[in-house]
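Engineer: Chain by chain, the residues run as shown.
Protein chains: 4
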Amino acid sequence: MTSAGTISETTHRVNYSEIDQMGVVYHARYLVWLDVARCEHLRLTGLSYRELEERGFRMVVAELGMRYLRGARYDDEVRVRCWVREVASRKVVFGYALHRVGDGELLATATTAMFTLDASMRPARLPNDVASRLLTTPDPVRID
Amino acid sequence: MTSAGTISETTHRVNYSEIDQMGVVYHARYLVWLDVARCEHLRLTGLSYRELEERGFRMVVAELGMRYLRGARYDDEVRVRCWVREVASRKVVFGYALHRVGDGELLATATTAMFTLDASMRPARLPNDVASRLLTTPDPVRID
Amino acid sequence: MTSAGTISETTHRVNYSEIDQMGVVYHARYLVWLDVARCEHLRLTGLSYRELEERGFRMVVAELGMRYLRGARYDDEVRVRCWVREVASRKVVFGYALHRVGDGELLATATTAMFTLDASMRPARLPNDVASRLLTTPDPVRID
Amino acid sequence: MTSAGTISETTHRVNYSEIDQMGVVYHARYLVWLDVARCEHLRLTGLSYRELEERGFRMVVAELGMRYLRGARYDDEVRVRCWVREVASRKVVFGYALHRVGDGELLATATTAMFTLDASMRPARLPNDVASRLLTTPDPVRID
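Residue numbers (my numbering), protein chains in the order written: chain D, 5 to 148; chain F, 5 to 148; chain S, 5 to 148; chain V, 5 to 148.
Since the hints were derived computationally from the structure, they do not count as laboratory data.
Heads up, a few of these hints could be off.
Put simply, identical chains are the same to the list, so a pair is met inside one copy or across any two.
Once the Cα atoms are required to be at most 20 angstroms apart in a straight line, the calculated SDA-like pairs of lysine to any residue come out as [said to hold, decoys possible]:
no., residue 1, residue 2
1, Lys95, Leu73
2, Lys95, Tyr78
3, Lys95, Met26
4, Lys95, Arg77
5, Lys95, Leu56
Only chain D is shown next, with the shape it has when bound in the complex:
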């Protein structure tokens, strides 16, 4: 189970399908990495997203904000840090910072506000035991 202040980390090696003809990662691909990072963050808290779905809940992206600072290239290894910025009864906000492992450059920052839905896709409260695992932590990098 995660403690206050946990920032999870996943790494991803950029593959050929993700690069566009400018030779950098196409901007939409990052969203998949954020998704993977968020799911691993949930798993670290002791409840995987798969289990959350099995219990009849979904978390959907309601708002997305992203800043692209530098491009990642083919075969770069990228570290995605993920943390919880805010928890409310029906909404969880995650923050993300993406660095290139090789030179430590900050590539992008992002936030996603997630809404909780029930199995019929209606707004729902996040179950207490899940909400209580989602502890917020201050942003480790500036997000704006």
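Fit chains F, S and V to the supplied structure of chain D, relying on the hints for placement.
Structural biologist: Chains F, S and V alone, transformed into the frame defined by chain D:
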């Protein structure tokens, strides 16, 4: 309703997300165009894939064969021709030929063998009224 | 050539590759539709993105903001409206509103701030003739 | 450096972006995993695909064959085995077998014939030092 020998046509303008750093369409993207072509072919026969799913059936790709002859580039318009090569009780084989609209070059050919499943994802016979709409036609280009 | 206040429109029929297991469009797919809408908007102004690249310029997404209001489903037709919100020497901000054609529901709104780069991927001023075509228009829907 | 008979292995955890509304991986996504597997196979032989490109060569998919046997689901871990089936002066054929790690089920098999191109995208001979690293091995599973 389609008659024997129908070859349907869809066109697609190549967008930036589909191009890799060689400046040509990444090979996996074509499969989405085949999917769109196949669904439009079904729609032309008088039954859309959406309706097929609403009736409790799915058609899944069981086998795929594809030959890539020339690369498509950003902003190219590509014509995808689609036809039925073979219909059996549990299997439908579609053929595809992809040309660039601008210069008429043949870019790729493909076949997909589709299996029919029921709502529980078990093999199923294609309903007679659907099967009877899927009339085969000879290959308009050489597929091998 | 576009006049002040132009809002361009593209439509997209949701295909199977875009849907996730909740039965709605996966949130990252919308970014490709925005890209297509932006390129068609440029084409309407009399200069396609392909020509812009041929002249040695690139426009890259520097900031992205998106709000997801309702999910689009398989086979839905979606209308993407696109307009210019702001033009500066090195930055253009586009706005987007996505509606389902069938029932007119607003599905999502978005903004992207684009930076101009030269062929070496260094920040560059947008050529005057291009900038002068990019006329701003007030938001047709509330973006926040 | 690899020896004769090397079969490389990569694993991939299925993420949400890869699943369609049938609840299984959309068939086009597998091609990205094959690409990653092929690149890791090259890396194991002592020359990464990135280095190959830096030396002015590209390997492009010329033919693709795939059989889908069972669907992979969200959060499944999938093992992709990759090996060289055939090496000729301008063509390398890779084989692939995909198993689910959890229950060992064979999910799919595939082959891709790769052509070598030079930096101008013209057919080229694979450099001798690269070709000599690509040793063939018998298929570990039946591919047909």
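Engineer: Next, verify each hint and record whether it holds.
Structural biologist: Hints versus structure:
For the identical chains of this complex, Lys95 and Leu73 are inter-copy neighbours only, at 14 angstroms across copies versus 27 angstroms inside a copy, given an alpha-carbon limit of 20 angstroms. In this assembly of identical chains, the alpha carbons of Lys95 and Tyr78 never lie at most 20 angstroms apart, being 35 angstroms within a copy and 23 angstroms across copies at closest. In this assembly of identical chains, the alpha carbons of Lys95 and Met26 lie at most 20 angstroms apart only when taken from different copies (18 angstroms versus 37 angstroms within one copy). Taking identical chains as interchangeable, the C-alpha atoms of Lys95 and Arg77 are never at most 20 angstroms apart, the minima being 34 angstroms within one chain and 23 angstroms between chains.
Within a single copy, Lys95 and Leu56 get their C-alpha atoms as close as 15 angstroms, which meets the 20 angstroms cut-off; across copies the closest is 36 angstroms, which misses it.
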